[in-house]
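Since chain G is already given, all that's left is putting chain Y on it; use the hints.
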Amino acid sequence: MFKRRPVLVAYAGFLLFFLYFPLLVLSISSFRGGPTFYHWYRRAFSDPQLLLALRNSIAIGLGTTVFSTLLGTLAALGMRKEQFWGRVFFESLLNLPLVLPEIVMGLAMLVWFVFLNITLGLFSVVLAHTTFTVSYVTLIILARLKGMDPLLEEAAADLGATPWRTFSRVTLPLLLPAVVSGALLAFTLSFDDFLITFFTAGVGSDTLPLRIYSMMRFGVTPEMNAISSAMLFLTLGAVLTVFRLRKD
Amino acid sequence: MNQKMSRRQPPLLILPSLAWFIVFLIIPIGIVILYSVRHKGAYGQVDWSLNLDNYKRAFEPIYLMIVARSLWLAAYTTAICLALSYPLAYFMARSSEGAKKALLALVIIPFWTNFVIRVYSLKLVLGEAGTINSVLLKLHLISAPLQMVDNSFGVSIGMVYNYLPFMVLPMYVALDKFDFTLMDAAYDLGATKTQTIIRVLLPLSLPGIVTGSLFVFIPAFGEFVIPDLLGGSQSMYVGTLITETFLKSRDWPFGSALSSFLVLFAMAAFMFVLSRQAADDENLRRAENTAPAPLPDTKVALHV
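Residue numbers (the working numbering), protein chains in the order written: chain G, 1 to 248; chain Y, 1001 to 1304.
Simulated from the structure, these hints should not be mistaken for laboratory data. Just so it is clear, the structure is predicted and the values come from calculations on it, not from any experiment. Glycine residues also receive a C-beta, built at the ideal position from the N, C-alpha and C atoms. Among these hints, one or two may not hold up.
To be verified - List of simulated lysine-lysine pairs, DSS-like, C-alpha gap at most 27 Å:
1. LYS1100/Y x LYS146/G
2. LYS81/G x LYS146/G
3. LYS1248/Y x LYS1056/Y
4. LYS1101/Y x LYS146/G
5. LYS1193/Y x LYS1100/Y
6. LYS1101/Y x LYS1177/Y
7. LYS1248/Y x LYS1177/Y
8. LYS1177/Y x LYS1193/Y
9. LYS146/G x LYS1177/Y
To be verified - Pairwise CB distance ranges (calculated):
10. ASP1053/Y x PRO173/G: 19 to 29 Å
11. LEU1015/Y x ASP47/G: 43 to 53 Å
12. LEU1206/Y x GLY219/G: 37 to 47 Å
13. ILE1197/Y x ASP158/G: 53 to 63 Å
14. PRO1061/Y x PRO35/G: 34 to 44 Å
15. ALA1105/Y x ARG32/G: 40 to 50 Å
16. LEU1206/Y x ARG165/G: 48 to 58 Å
17. ALA10/G x LEU1052/Y: 51 to 61 Å
18. PHE89/G x ASP1053/Y: 31 to 41 Å
19. GLU154/G x LEU1082/Y: 32 to 42 Å
In isolation and in its complexed conformation, chain G is listed as follows (with noise of 0.2 Å):
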């Protein structure tokens, strides 16, 4: 296959280079320069404000993580009754996060919690997170919904499995890989998300995104380098997880 195409195979190879190079320059640089391979590193790691926007980020992203986790998969169990009053607007509206431009999203809900007089903070971050992190996983967990064999749970049911423990025994575990990858993921998006967190951050609950982005714009430095090579591979690895969890 390969072999007949070698412009196409030279050319995909170049776009893939286009992609990856800058993300490698990132990597080595952060590891150049010092006295040892890890200096930037542990220099970045002991520069307050970036440990504090570091657990900022933390801490909004677990939160995000618990609500939308939760609401998405309750809507995503609900969402299997095939017919019902307002189902056309009620996914008209799951849809509408992904749709909207993110600037929309973040400044309308500014305007919002402004107007309810709550604080901008890490609090009012994960409200606006957890808004768009919802759909993304109430939709990963219905397409496993969708794929999984309902024979199972009529089993159950015939059996004499009242339906609580129907769920409880037959329906989670099988919808558990989902779950876990649809919170891997609100966590990431709401770890890396910049623009909605840009309005509904207050002043002093920067997120890391957000302090890269300051000092980006004072210039370059290693620390710099070293933190985001940091959350590069965390990143990656968060990738990894999910990719193999799908697998199974």
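Here is chain Y on its own, set in the frame of chain G:
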């Protein structure tokens, strides 16, 4: 009758998310639209008398210039991404199953990495003391570093770099379902290579082209981070304008009017694709091909 009613009753399990979406999505957007027909008072407070001045103001020449610049940016980003992605998506679709999976993962992984970090890494490569300049200087191909960031060149590269996966994926989804024996049939019936591409391949992969273009065009139109970080300070885009109106000049009514346009624009494009998809589904089914994935599903797939 009663039984039928309860059968159509919405499941209780969706109520929490339904409530969440109403409180944190519908109402906020409603408020933005409400703000857009208000007026900014003398002390920066919002004056609650109804008027359409903000919308009129958006059509003043300075703002129209900004809109035109953003449209141009979005248009050429879309065009370049389209031209670059099509051969790659075609190659992916014609590869063996194993190679398909690997290539797909390779395209998606950069998309997963943080957006700000991707822009930052690009700056490391393109910057004055960046990789490209130091290599060229060492090889004595140039005598002074090339200026590749803080200008429109930097913005273009940044936009294409960032939006490329958005285009490749829907295009691949469409081409993967394409029945390539149709092309052989066209050859057998005497069509030339160009004719086959124009009359068979392109029309049947149009849904992918449209979806991908929209994925790129809509966010590119409202983009503000890439011009901000790679474009220097000289040019203003719609995204920049909205951000500054909200956060710097604090003119929320005007900012709301501008964002309402963006919402309208995104919705119209979304509706257009959905209606097209319905028509295309029908056509494709007739051609005994499976229907392309709907728009939001493709977006989720990008993340999974």
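Now for the hints, and whether the structure bears them out:
no.	hint	verdict
1	LYS1100/Y x LYS146/G	holds, 24 Å
2	LYS81/G x LYS146/G	holds, 11 Å
3	LYS1248/Y x LYS1056/Y	holds, 21 Å
4	LYS1101/Y x LYS146/G	holds, 22 Å
5	LYS1193/Y x LYS1100/Y	holds, 24 Å
6	LYS1101/Y x LYS1177/Y	holds, 15 Å
7	LYS1248/Y x LYS1177/Y	violated, 48 Å
8	LYS1177/Y x LYS1193/Y	holds, 20 Å
9	LYS146/G x LYS1177/Y	holds, 21 Å
10	ASP1053/Y x PRO173/G: 19 to 29 Å	violated, 59 Å
11	LEU1015/Y x ASP47/G: 43 to 53 Å	holds, 45 Å
12	LEU1206/Y x GLY219/G: 37 to 47 Å	holds, 45 Å
13	ILE1197/Y x ASP158/G: 53 to 63 Å	holds, 56 Å
14	PRO1061/Y x PRO35/G: 34 to 44 Å	violated, 57 Å
15	ALA1105/Y x ARG32/G: 40 to 50 Å	violated, 28 Å
16	LEU1206/Y x ARG165/G: 48 to 58 Å	holds, 50 Å
17	ALA10/G x LEU1052/Y: 51 to 61 Å	holds, 56 Å
18	PHE89/G x ASP1053/Y: 31 to 41 Å	holds, 33 Å
19	GLU154/G x LEU1082/Y: 32 to 42 Å	violated, 48 Å
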